[in-house]
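As a plain string of letters, each chain reads:
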Amino acid sequence: ETGVTQSPTHLIKTRGQQVTLRCSSQSGHNTVSWYQQALGQGPQFIFQYYREEENGRGNFPPRFSGLQFPNYSSELNVNALELDDSALYLCASSFKGSYEQYFGPGTRLTVT
Amino acid sequence: LAKTTQPISMDSYEGQEVNITCSHNNIATNDYITWYQQFPSQGPRFIIQGYKTKVTNEVASLFIPADRKSSTLSLPRVSLSDTAVYYCLVGAYNNAGNMLTFGGGTRLMVKP
Numbered sequence: 001e002t003g004v005t006q007s008p009t010h011l012i013k014t015r016g017q018q019v020t021l022r023c024s025s026q027s028g029h030n031t032v033s034w035y036q037q038a039l040g041q042g043p044q045f046i047f048q049y050y051r052e053e054e055n056g057r058g059n060f061p062p063r064f065s066g067l068q069f070p071n072y073s074s075e076l077n078v079n080a081l082e083l084d085d086s087a088l089y090l091c092a093s094s095f096k097g098s099y100e101q102y103f104g105p106g107t108r109l110t111v112t
Numbered sequence: 113l114a115k116t117t118q119p120i121s122m123d124s125y126e127g128q129e130v131n132i133t134c135s136h137n138n139i140a141t142n143d144y145i146t147w148y149q150q151f152p153s154q155g156p157r158f159i160i161q162g163y164k165t166k167v168t169n170e171v172a173s174l175f176i177p178a179d180r181k182s183s184t185l186s187l188p189r190v191s192l193s194d195t196a197v198y199y200c201l202v203g204a205y206n207n208a209g210n211m212l213t214f215g216g217g218t219r220l221m222v223k224p
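Line order of the protein sequences matches chains A and B.
Each step along the first sequence adds one to the number in this note's numbering, with nothing skipped, and position 112 is 112.
The number in this note's numbering is simply the position in the second sequence, starting from 1, with 112 added.
It cannot be assumed that every hint is accurate.
As the list claims (entries may be wrong) - Straight line, CA to CA, 25 Å or less: simulated SDA-like cross-link-like pairs of lysine to any residue:
1. B:115 / A:38
2. B:223 / A:40
3. A:96 / A:40
Unchecked claim - Some chain A residues close to chain B (C-beta under 7 Å, calculated; not the full set):
4. 3
5. 38
6. 39
7. 53
8. 61
9. 62
10. 64
11. 69
12. 70
13. 87
14. 103
Said to hold, decoys possible - To give an idea of the interface, some chain B residues facing chain A are shown, with a C-beta separation under 7 Å as derived from the structure:
15. 151
16. 152
17. 154
18. 155
19. 159
20. 162
21. 215
These are computed hints drawn from the structure, not numbers from a lab.
Quick reminder that beta carbons are idealized off the backbone N, C-alpha and C, glycines included.
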């Protein structure tokens, strides 16, 4: 059984640029969620995808968008990067409706 | 989702039992209580989940009193590798997207 993987591990971008982060869900899971974790804080929910459609969204602006593919892999896209977007971005997969979510190792994004 | 309150930090020594209590006075009838563990630069890891009374698995025990307004995560005989942040979450299963709402967590430091 393959766990949740994310790429890249680290990324440095300049303010105003766009970024795409990728996630591969654990085998068999049909739901993927994305979280942003600033240094020293708990993860904050961005959005969740089920069957390739957004299935819930946290308090994040529209420049945060996502995709889920038929093989349940997923992307997080962030446009017009701001300095405050610097954080660890976590992907988690699960079965729909479950609170037992399996997290990947995260992508550390630095915006300069 | 019910708001949770946990101690910011705790210290313990190897071999001791550690109990971390979480308050959730506004817990709803359908809410479950879930605990996650997070090591630095890693995604959170599901530890245990319960609804009432006591739940035990190979890693921890979860004690929930009858009024369900608090819960206690018990880690038996901790080791240095249990040094991590522990998050208490409260919420219900639903089909609209199970976002996990993380608070600040409890930073557990295990000393030799």
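To see whether the hints hold, each was checked on the structure:
The suggested pairing of residue 115 (chain B) with residue 38 (chain A) holds, with an alpha-carbon distance near 20 Å, which does not exceed 25 Å. Straight-line distance between C-alpha atoms of residue 223 (chain B) and residue 40 (chain A) comes to about 21 Å, which keeps the hinted pair within the 25 Å bound. With a C-alpha separation of about 29 Å, the suggested pair residue 96 (chain A) and residue 40 (chain A) falls outside the 25 Å cut-off, and the hint is violated. Against a cut-off of 7 Å between C-beta atoms, the interface hint on residue 3 (chain A) is violated, since the closest Cβ of chain B lies about 10 Å away.
Interface hint at residue 38 (chain A): violated, since its Cβ lies 11 Å from the closest Cβ of chain B, which is beyond the 7 Å cut-off. About 10 Å separates the beta-carbon of residue 39 (chain A) from the nearest beta-carbon of chain B, more than 7 Å, and the hint is not met. At a threshold of 7 Å, the smallest CB-CB gap from residue 53 (chain A) to chain B is about 10 Å, leaving the interface hint violated. Checking residue 61 (chain A) against chain B by beta carbon gives a least distance of about 17 Å; that is not within 7 Å, so the hint is violated.
Proximity of residue 62 (chain A) to chain B is violated relative to the hint, the smallest CB-CB distance being about 17 Å (cut-off 7 Å). The interface hint given for residue 64 (chain A) is violated, since its Cβ lies 14 Å from the closest Cβ of chain B, which is over the 7 Å cut-off. Taking 7 Å as the C-beta cut-off, the interface hint given for residue 69 (chain A) is violated, the closest approach to chain B being about 18 Å. About 20 Å separates the beta-carbon of residue 70 (chain A) from the nearest beta-carbon of chain B, more than 7 Å, and the hint is not met.
Given the 7 Å rule on beta carbons, the hint for residue 87 (chain A) is violated: about 12 Å separates it from the nearest Cβ of chain B. For the restraint placing residue 103 (chain A) at the interface with chain B, the shortest Cβ-Cβ distance is roughly 3 Å, inside the 7 Å limit, so the hint holds. The interface hint given for residue 151 (chain B) is violated, since its Cβ lies 10 Å from the closest Cβ of chain A, which is over the 7 Å cut-off. Proximity of residue 152 (chain B) to chain A is violated relative to the hint, the smallest CB-CB distance being about 10 Å (cut-off 7 Å).
Proximity of residue 154 (chain B) to chain A holds as hinted, the smallest CB-CB distance being about 6 Å (cut-off 7 Å). This hint holds: residue 155 (chain B) has a C-beta 3 Å from the nearest C-beta of chain A, less than the 7 Å allowed. With 7 Å as the threshold, the beta carbon of residue 159 (chain B) stays out of range of chain A, its nearest partner Cβ sitting at about 10 Å, so the hint is violated. A distance limit of 7 Å between C-beta atoms decides the matter here; for residue 162 (chain B) the minimum to chain A is near 11 Å, and the interface restraint is violated.
Interface restraint check for residue 215 (chain B): the shortest CB-CB distance to chain A comes to about 6 Å, inside 7 Å, so the restraint holds.
The structure is inconsistent with the numbered hints 3, 4, 5, 6, 7, 8, 9, 10, 11, 12, 13, 15, 16, 19, 20, although it conforms to all the rest.
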